[in-house]
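S.K.: Keeping their order, the protein sequence lines are chains A and B.
Residues 5 to 316 (the numbering used here) make up the first sequence, in order.
Residues 978 to 1224 (the numbering used here) make up the second sequence, in order.
No lab work stands behind these hints, which were simulated from the structure alone.
It is possible that part of the hints are untrue.
Below, a sample of chain B positions facing chain A; criterion: calculated Cβ distance under 7 Å [to be verified]:
no. : residue
1   : L1029
2   : V1051
3   : D1052
4   : R1056
5   : T1060
6   : F1069
7   : G1071
8   : A1080
Remember, predicted model here, so these are calculated numbers, not experimental data.
Glycine is no exception: its CB is placed at the ideal position from the N, C-alpha and C atoms.
Listed here are the chains, written in short residue letters.
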Amino acid sequence: MNEKENLIDRLYQSADADPGILGDPEVAYVVLNHNTVVGMNGDDGLEVEVDERTDGIEAFMEVKEGAVIRKQVHLCFGMIPKEGVQNILMNVNVKRNARISVLAHCVFPNAVDVQHIMDAKIHIADGAEYTYLERHVHSPEGGIKVYPKAKGELGKKARFKTEFELIKGRVGLIDIDYETVCREHCVLEMTSRISGTEDDIIQIKEVGHLNGESARGALTTRIAVRRRAQASVYNKLTANAPFARGHVDCKEIVQEEATAATTPVVEVNHPKAHITHEAAIGSVDAKQPETLMSRGLSEDEAVELIIDGLLS
Amino acid sequence: MGVLEVKNLSLALNGKKILDDLSIDFWEGHVHALVGPNGAGKSTFAATIMGLTGYKNFSGDILFQNKSIKGLSVDERARKGITLAWQEPARFEGLKVKDFIGATVKNKEAEKIKDYLSKAGLDPDRSIARVVDRTLSGGERKKLELASMLAVKPKVALLDEPDSGIDVESLERIFDAVNVLKGNGTTVILITHSVTVLEQAEHAFLMCCGKLIEKGTAEKISRYFKGKCIPCDHKNEPEDVVSEAGE
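Make a model of the complete structure from these sequences and hints.
M.R.: Dropping the structure here:
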């Protein structure tokens, strides 16, 4: 095993993922360690270009018109070193009627003083579909700051589903800033699931604009904070066209000295549009742990199971 | 022989007496029914036996296998063998059925969990991967609670209103599961105001306004329940108080 293969192996193992998947020649992937490309594979319908720059990485991912990428594309943005800044500019262009699903592992197993900065521009053309699942695995030290930022534009009948998950290791500081604009008949789903502890700080800003007729959107946030962790969520969905439909849903479980705040903003600018929201912050409903405790689980085990479910 | 014995149990919530000097002896391995109209204190009784939040400040004593469980927490009582199925079972967002049941048992094999689901009247193949959230109907959640009860093999199983929100066919499956519990040697306590449920029991206790009015065979109590208790002269008002306490 050469040095690059060894790095890929270490990053994937830290993410509890199987690096063997990258051995499949039909699986497209890009693996970064810090600001260096350590592995890459393309696909006929997919063009990937990565420029290593002095201050980071700029990546271009384009799915050709009508192309359907059958196998999930793997991205791994990681850092084995304890310190450093990973700076990624990401340009995604999913052309008309193309379809792609991406699983991104963001792995920082040894982070003591690490920054991960992601700035993505996403264009999903008419009838195209883009699914992006981002799973973070952080070190237990909490010495990491994560700044994921994305601007998305969806064409007619486009679909964009994104899930952000950070439930392993310490959050450190996370500051999510996503904004997406949707045209006619498109579907937007943005979901975040984060577990914070100690003095972690979680800040989420997710905004969706349903500008086209019959556009649909759902913003979902699930957060659990304990110890002294703090969470602040700002979810905004606007409906600006007839038959636009949307829902904002935020649940935060707060334990010990942790704090959480949520601001769901729904804005309707057309009489035939409709948006709903629900937000719940607090401890777990007493009936839930007591149900599990009445089967023999301790209170801590019961709450752990409930939170695991909420974040699953 | 009594496995669970309640001695002079009284409980007040928000200044109102909900349980009033109750003394009841539940026989090991038998199916009992605790019947009475709405507001009689039946669910409060179950919550007090289980030691739920808000139901601990009672007078009298609760003996399990001749030892007081008064100071024990919910999970300590459960580990001794007492368990409860709620009238309105909780929902758990994201928690899968297999994990809900698997969390409480040593043998977490899918086939074993499917067996419990099947015995509780659920389609095991369809149910095991489902989530214990709002996508399950009230009836399905009640059956799931029974499945989880079967899994932990309790010594005492309290079933609060097992027929509420249940269609006739499903109720038969629930009665089947009660028979499985009995077959395993579990002492079953059916909390109900339904004669159909009462008829599943061997022994019954009639409650009204927190008091024990009558006890005897299910047949005897059924006659009494039908003839005298409905309509009842007593004002049964504590329901709101119980709701406030978290029932």
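S.K.: Run every hint past the structure and note whether it holds.
M.R.: Here's how the hints hold up against the structure:
1. The closest approach between the C-beta of B:L1029 and any C-beta of chain A is roughly 6 Å, which is under the 7 Å cut-off, so the hint is satisfied.
2. Because the smallest distance between the Cβ of B:V1051 and any Cβ of chain A comes to about 4 Å, under 7 Å, the interface hint for this residue holds.
3. Contact between B:D1052 and chain A, as hinted, is supported at the beta carbon level, the nearest pair being about 4 Å apart and thus within 7 Å.
4. Taken as an interface hint, B:R1056 checks out: its beta carbon lies about 5 Å from the nearest beta carbon of chain A, inside 7 Å.
5. Because the closest C-beta pair between B:T1060 and chain A is about 5 Å apart, less than 7 Å, the hint holds.
6. Taking 7 Å as the C-beta cut-off, the interface hint given for B:F1069 holds, the closest approach to chain A being about 5 Å.
7. At a threshold of 7 Å, the smallest CB-CB gap from B:G1071 to chain A is about 4 Å, leaving the interface hint in force.
8. Given hint, B:A1080 at the interface with chain A, holds; its Cβ is 5 Å from that chain's nearest Cβ, closer than 7 Å.
Violated hints: none; the structure is consistent with every hint.
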